[in-house]
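Number of protein chains: 2
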Amino acid sequence: MNPSEILFHHQVKKTTPRVAIIQALQQRCTPLSEGDLKDLLGDLYDRTTFYRSMQTLTDAGIIHRIVADNVLVKYVLNDCEHGHHHQPDHVHFYCQQCKDLICMEELKVQAYQLPDGFKEQTCDVIIRGLCSNCNK
Amino acid sequence: MNPSEILFHHQVKKTTPRVAIIQALQQRCTPLSEGDLKDLLGDLYDRTTFYRSMQTLTDAGIIHRIVADNVLVKYVLNDCEHGHHHQPDHVHFYCQQCKDLICMEELKVQAYQLPDGFKEQTCDVIIRGLCSNCNK
DNA sequence: CATACATTTGCAACAATGTATCAGTTGAGC
DNA sequence: GCTCAACTGATACATTGTTGCAAATGTATG
Chain A
46 MNPSEILFHH
56 QVKKTTPRVA
66 IIQALQQRCT
76 PLSEGDLKDL
86 LGDLYDRTTF
96 YRSMQTLTDA
106 GIIHRIVADN
116 VLVKYVLNDC
126 EHGHHHQPDH
136 VHFYCQQCKD
146 LICMEELKVQ
156 AYQLPDGFKE
166 QTCDVIIRGL
176 CSNCNK
Chain B
46 MNPSEILFHH
56 QVKKTTPRVA
66 IIQALQQRCT
76 PLSEGDLKDL
86 LGDLYDRTTF
96 YRSMQTLTDA
106 GIIHRIVADN
116 VLVKYVLNDC
126 EHGHHHQPDH
136 VHFYCQQCKD
146 LICMEELKVQ
156 AYQLPDGFKE
166 QTCDVIIRGL
176 CSNCNK
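In order, the protein sequence lines correspond to chains A and B. Each residue of the first sequence is one higher than the last, beginning at 46 in our numbering. Each residue of the second sequence is one higher than the last, beginning at 46 in our numbering.
It should be emphasised that the hints constitute simulated quantities derived from the structure, not laboratory data. Incorrect hints may appear among the rest.
Same chains, same names: a pair is fine if it fits in one copy or spans any two.
[As the list claims (entries may be wrong)] Here are the simulated lysine-lysine pairs, BS3-like style, with alpha carbons at most 25 Å apart:
1. Lys164 - Lys58
2. Lys153 - Lys164
3. Lys144 - Lys83
4. Lys164 - Lys144
Start from the sequences and build out the full structure, keeping to the hints where you can.
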């Protein structure tokens, strides 16, 4: 699906910044930060607009937000091909040296049984350490 | 163990801010943020000193840092009674409404087998949602 | 106890990641 | 093409840090 279709499918208005952001995330196929996206897209939009767009896209279930560390937040496209809201079910690895965030697709997150009354909205598993490149 | 003993035991110099921070964490027995600690301790030290102290105490294995969200970081004392460095092995629940961070001691984190070459330093599992108080 | 020297602290400035307000612009439906 | 709600840009501000440097403090030694 192209950006316009994704937005229409999730009943979100089509605007220039939103299309550009989705397009960039599709092309890179890896979690990107605000800085990464700015490097790719330049001054296409204001920072305020960026954050509001990300909020809108997250609420709509189009993207997912990963807090790699308190000073590094990255965004990834959800799997929109199958038409349902797809929450990541795998572990994320964050290299403290090269600051890369890697999806460990093969490491699935177990389902946790919360006590009565608690409602889960998202569940993130972040392993921090050194990636194979930096651990030499 | 009292704060001075903990610092000596980990070969970290005893200073006023460090003792005060450990004391506050011991008394509260729950994860505290910079703001929480400032409310407790007032202007006992500068913000820069706080962050440097937390870095030192984390490196020494005396405390552990929990990234509840990119805008909320909390700190907890490790279990120093048994003389070894104790990494939390349980899930943390973060209530998006009341901003409370709860240790789910009964939910243990599984060990993940990383690919060759990767080195794990910390592993955090954060479930975000609504706590039993706010989910009504 | 006094001195020496490395460690730690306080202050000021700066950086990244957001949020709030409000006027002005744009998009979608008719 | 019009209309009006929704979105955007600009400015200001909040939180969570980090960096550099001079001054203060802690620990080891005489």
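Going down the list of hints, with the structure as the test:
Taking identical chains as interchangeable, the C-alpha atoms of Lys164 and Lys58 are never at most 25 Å apart, the minima being 29 Å within one chain and 43 Å between chains. With identical chains, the CA atoms of Lys153 and Lys164 are at most 25 Å apart both within one copy (21 Å) and between copies (18 Å). Taking identical chains as interchangeable, the C-alpha atoms of Lys144 and Lys83 lie at most 25 Å apart only when both belong to the same chain, with a minimum of 17 Å there against 30 Å between chains. Proximity of Lys164 and Lys144 under a CA criterion of 25 Å is satisfied inter-copy only: 14 Å between copies versus 32 Å inside one chain copy.
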